[in-house]
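K.L.:
Make a model of the complete structure from these sequences and hints.
Protein chains in written order, with the numbering used here: chain D, 1 to 507; chain E, 1001 to 1165.
Among these hints, one or two may not hold up.
[What the hints assert, rightly or not] Using 20 Å as the maximum straight-line C-alpha spacing, the simulated EDC-like pairs for lysine to aspartate or glutamate come out as follows:
1. Lys195/D - Glu1149/E
2. Lys1002/E - Asp1067/E
3. Lys130/D - Asp141/D
4. Lys416/D - Asp1122/E
5. Lys440/D - Glu454/D
6. Lys71/D - Glu114/D
7. Lys416/D - Asp1073/E
8. Lys195/D - Asp1067/E
9. Lys1142/E - Asp1122/E
10. Lys195/D - Glu61/D
11. Lys103/D - Glu117/D
12. Lys130/D - Asp147/D
13. Lys1119/E - Asp182/D
14. Lys195/D - Glu1132/E
15. Lys130/D - Glu117/D
Everything labelled a hint here was simulated from the structure, so no lab data went into it.
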Amino acid sequence: MTESGAPFRRVLVANRGEIACRVLRGVREVGAAGVAVYSDADQGARHVQIAEAAVALGAPEPAASYLDIDKLIAAARDTGCDAIHPGYGFLAENADFVRATEKAGLVFIGPTVEAMEALGDKRAAKSVAKAAGVPCVPCFDGVDASDDDMREAARRLGFPVLIKASAGGGGRGMRVVTAEADFLAALTAARREAKQAFCDDAVLVERFVQPARHIEVQVIGDGDGGVIALGERECSIQRRHQKLLEESPSPFVSDDLRQRLESAAVSLAREVRYRNAGTVEFLVDEAGDFRFLEVNTRLQVEHPVTELVTGVDLVHLQLWLAAGRSLANLLPEGRPALRGHALEARICAEDPQHNFLPAAGRLAVCVEPEGPGVRVDSGFGQGDEIPAHYDSLLAKVIVHASDRAAAVQRMQLALKDAAWLGLPTTTDLIARVVEHTAFKSGDLRTDFLAVHPELLAGNGDPPDTVLQAAALAGAFHSTSSANSSPTASTASPWDLHDDFRLSGAGS
Amino acid sequence: MKPPRQIRIGNDTLTLQARSAGDGSYELRIGMQTVRLEAGPMNNSGFWFIAADGIRHRAWAAMLGSDLQIRVDGHTWVLGSADPEHGDTAATEDPTEVTAPMTGTVVDVLCTVGDTIAKDQDVIVLNAMKMEHRLTAACDGKISEISVEAGSTVEAGDILARLAR
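P.N.:
Structure (structure tokens):
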């Protein structure tokens, strides 16, 4: 702890976008200064603007910027940082980065190298889970296995199977294979994607369980054996194995099941004397039987729903735990009671009508929702360019209310009042999901979108109000046109179509 | 870029026009129809209008390529431009071209020149925004040209391969 009572003096946040903004706020709230890093594509990005200092990393390609360990360590040293927070993605689960950070005399705000290696790698994590007595999804770990060995293992597991990057996360390097004939092509593609995303082409193959729910437990550990579970999150609404809509608590989880999930997660984390926030993911079947999937040794995208129902700030906890405080000191009452219900919608620049193809470009309109119980974690504002080099997450809309029905209503209104335009987004899709009767009744499953394909259809023919708005857009288009030059966008907002002249507006 | 004056609704082309009537109301021409309604800008770059239902509707608009993306009452619509000055997207889509939907890196080319391929068959694997995307042929044909190789960086709209029907 520093003399001023902050856990660190200055913290480098080795990330970008909404999570860099979220972490920088947490860093500054506990009294430390926040240092941002940015690639050439992120000059002037929001995370750069809110930091006390910012360091340029260079070319936009992740390998030359946010994945360049040497540059990040140098940036931390040059700006006098005493700690590095990795956010999620990029180097958050890279043990070499932890080693380099510690070698430079800096604190890594995350787990120890040993715990990260024991849990972060999907193969290694399964043996920890087995040692802790946690049931696992049947799998073949693929160590030193040839492609034919992998195919043979897949056949023994029984199709459909799931090929997963051992170092993976975020749905990358992941392929569902339903027939043996497609296995080798999928294996090659998964390895290639894994190599590109994580510099590691190791993959494993496991039985693909469906229907199933994705339910995960947030844990927090102090490295001295203190581990607390902070309830569960259900993240069953997904596209491409990537989460789209998350909530806490799960509508499926009874008090008894919660106790069993939490106890499995805690014993797994205790097994490695885990320090930091972490997430233990499970697949839960209709009977309520759960099997361990993987551990994420970092802050999750969906951490805010846990923060809202538990009242804890996970970034603050990460910082204090990394500075050496114990959980007994930070959470003397143990696990806080869960209060109310929280939902999180991921607003991504993707086109749900075209297989969720991501889009880059200018965020021409950005109107974020607000109001009681509404939290928005975002990294971009109106007029920002969304680069093609990084993931497509624009913002997270998180709502909290007394119960699930009220939270669903709050989310409906929050999404209705918001606008992100200039790019296709997931906004309307998520709005349709939360209005769907199956969602409202809590009948969730990881293939929800496949089971309810009508959700992916467009809005159909536009009603009169839309045509009227389209006609009016000509009158009010000033700041919203994606390709307008600065001069054009500062022109009169009353710039009507040529055929018409606006009286009294000086045009 | 200004919003298009002509949009496509199904197979129809609809002309849109708006003008201020000077008293806070606007006269709209939508195809053959004329409507007069109250409207005004909002300070968050959107605008409001009162439709025949007497309800105040809120809207935002932006260009999505040459199309008009418009959000009204919490629903987003993309109206295809049929405006010659914007370029009519329907007219320019050539099924014999495999184009990059966005900026990215080619990770694999799955065909060679001369290959006979079927509609929807994968031609090129593109990595963009950290995900792999499989670009498929829009029609049956024979590959006549491939202008990229694994590792090529491509921009949105680039033609990566051509087919001969």
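K.L.:
Next, verify each hint and record whether it holds.
P.N.:
Outcome of the hint check:
Proposed proximity of Lys195/D and Glu1149/E is supported: the alpha carbons are some 18 Å apart, at most 20 Å. Annotation: proposed proximity of Lys1002/E to Asp1067/E holds, straight-line Cα distance about 10 Å (limit 20 Å). Taking the CA atoms of Lys130/D and Asp141/D, the gap is about 13 Å. The hint holds against a cut of 20 Å. Simply put, Lys416/D and Asp1122/E have alpha-carbon atoms about 37 Å apart, too far for the 20 Å limit, and the pair is violated.
For the hint linking Lys440/D to Glu454/D, the alpha-carbon distance of about 16 Å falls within 20 Å, and the restraint holds. The suggested pairing of Lys71/D with Glu114/D is violated, with an alpha-carbon distance near 24 Å, which exceeds 20 Å. Restraint check for Lys416/D and Asp1073/E: the C-alpha separation of about 7 Å stays at or below 20 Å, so the hint holds. The hinted pair formed by Lys195/D and Asp1067/E fails the criterion: a straight-line CA distance of about 37 Å is larger than 20 Å.
Under the criterion of a C-alpha separation no larger than 20 Å, the hint pairing Lys1142/E with Asp1122/E is consistent with the structure, at around 13 Å. Taken as a hint, the Lys195/D and Glu61/D pair is honoured in the structure, with Cα atoms around 15 Å apart against an allowance of 20 Å. Simply put, Lys103/D and Glu117/D have alpha-carbon atoms about 17 Å apart, close enough for the 20 Å limit, and the pair holds. Note on Lys130/D and Asp147/D: the hinted pairing is violated, with a Cα-Cα distance of about 26 Å set against a maximum of 20 Å.
Note on Lys1119/E and Asp182/D: the hinted pairing holds, with a Cα-Cα distance of about 19 Å set against a maximum of 20 Å. At most 20 Å may separate the alpha-carbon atoms for a hinted pair to count; Lys195/D and Glu1132/E meet this at roughly 12 Å. A hinted pair counts as satisfied when its Cα atoms are at most 20 Å apart, and Lys130/D with Glu117/D qualifies at roughly 16 Å.
In this structure, the earlier hints numbered 4, 6, 8 and 12 are contradicted, and the remaining ones agree with it.
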